[in-house]
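**Student:** Here the protein sequences line up with chains X and L, keeping their order.
Residues 546 to 655 in the numbering used here are what the first sequence lists, from first letter to last.
Residues 546 to 655 in the numbering used here are what the second sequence lists, from first letter to last.
Be a bit skeptical, because a hint or two may be false.
Identical copies look the same in the list; a pair holds intra-copy or inter-copy alike.
[Claimed, not checked] Here are the simulated DMTMM-like cross-link-like pairs (lysine to aspartate or glutamate), alpha carbons at most 20 Å apart as the crow flies:
| id | residue 1 | residue 2 |
| --- | --- | --- |
| 1 | K615 | E555 |
| 2 | K552 | E601 |
| 3 | K557 | E574 |
| 4 | K644 | E601 |
No lab work stands behind these hints, which were simulated from the structure alone.
Number of protein chains: 2
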Amino acid sequence: MDTKKRKELEEKGFKVGSTADFLELSAEEEAYIEIRLEISSLIKIQRNKRGWTQQELASAIGSSQSRIAKIEAGDPGTSLDLMIKALLQLGISKKQIGKFLSDNLKMKTV
Amino acid sequence: MDTKKRKELEEKGFKVGSTADFLELSAEEEAYIEIRLEISSLIKIQRNKRGWTQQELASAIGSSQSRIAKIEAGDPGTSLDLMIKALLQLGISKKQIGKFLSDNLKMKTV
DNA sequence: CTATTTTATGTCATATATGACATATTACAT
DNA sequence: ATGTAATATGTCATATATGACATAAAATAG
Numbered sequence: 546m547d548t549k550k551r552k553e554l555e556e557k558g559f560k561v562g563s564t565a566d567f568l569e570l571s572a573e574e575e576a577y578i579e580i581r582l583e584i585s586s587l588i589k590i591q592r593n594k595r596g597w598t599q600q601e602l603a604s605a606i607g608s609s610q611s612r613i614a615k616i617e618a619g620d621p622g623t624s625l626d627l628m629i630k631a632l633l634q635l636g637i638s639k640k641q642i643g644k645f646l647s648d649n650l651k652m653k654t655v
Numbered sequence: 546m547d548t549k550k551r552k553e554l555e556e557k558g559f560k561v562g563s564t565a566d567f568l569e570l571s572a573e574e575e576a577y578i579e580i581r582l583e584i585s586s587l588i589k590i591q592r593n594k595r596g597w598t599q600q601e602l603a604s605a606i607g608s609s610q611s612r613i614a615k616i617e618a619g620d621p622g623t624s625l626d627l628m629i630k631a632l633l634q635l636g637i638s639k640k641q642i643g644k645f646l647s648d649n650l651k652m653k654t655v
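Produce the entire structure from the sequences given, and follow the hints as far as they go.
**Tutor:** Below, the structure is given as structure tokens:
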């Protein structure tokens with residue numbers, strides 16, 4: 546991973562280091578962050594596609610507007626669990642979530 | 546959802562109620578639990594397929610044997626985040642995780 | 001421009017997840 | 001059977017995620 550991308554992640558609060566020289570993420574660490582960021586961006590896209598406000602989505606899952614903002618911003622202090630709940634409330638099915646993760650193309654169909 | 550299945554979930558610690566009459570989960574709540582349970586079972590299957598002990602998997606993600614046992618038992622006091630980290634360390638890619646979620650067939654290919 | 005809505009950012013008290021540990025239970029050898 | 005490794009179950013102190021709230025900043029009317 547290049548230093549620019551790493552810096553971005555560190556600024557968002559991700560613990561990027563701990564791999565010997567603090568210069569590289571393991572493939573698994575990268576994949577984990579990638580999954581989180583992709584799901585986070587899917588939430589934002591789908592929410593907007595439906596014309597929902599962050600407040601509306603928040604209410605639908607018993608959360609708060611600021612929490613949704615943090616999720617969509619890729620804040621690491623948020624869980625995949627809450628993200629999945631958000632997607633499901635947006636009407637995205639398990640199957641569609643799976644398709645989104647497996648297809649590298651950016652989900653035309655949802 | 547039938548009462549038998551609900552009882553199983555409640556025994557595992559899931560908050561099943563809060564939907565008016567405490568008899569039904571919303572489709573989204575069900576889907577969320579289903580995703581967790583399927584991923585949990587995928588972890589167990591893939592770990593065994595590789596001949597890893599729970600302790601070995603735990604060490605690979607900086608966790609503990611008991612935590613892996615709880616994940617594989619479907620304990621709700623565990624996060625999707627940790628589960629995904631486990632899968633990735635088992636060599637399951639994001640793409641394969643996606644396929645597993647989208648295909649309803651039980652992952653011959655992984 | 002000005003008002004109003006929406007989103008972003010920060011803080012805080014509380015809830016939940018965590019690894020570590022002890023120990024029970026089970027599987028699997030020899 | 002008897003030991004030995006693997007897994008399950010429970011507890012605890014600590015770390016992290018949480019919703020709520022305040023408020024700033026941006027976007028979108030009008």
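**Student:** At most 20 Å between CA atoms: does that hold for K557 and E574 within a copy, between copies, both, or neither?
**Tutor:** Cα proximity of K557 and E574: one copy only (15 Å, versus 30 Å across).
**Student:** If the cut is 20 Å between Cα atoms, do K615 and E555 qualify within a copy, between copies, both or neither?
**Tutor:** The answer is within: 15 Å in one copy meets 20 Å, while 31 Å across copies does not.
**Student:** For K644 and E601, with the copy left unspecified, which applies at a CA distance of at most 20 Å: within, between, both, or neither?
**Tutor:** neither (26 Å within a copy, 30 Å between copies)
**Student:** How do K552 and E601 come out at 20 Å by Cα distance, when the copy is not named: within, between, both, or neither?
**Tutor:** neither (33 Å within a copy, 32 Å between copies)
When the structure is compared with the earlier hints, violations turn up for hints 2, 4 and for no others.
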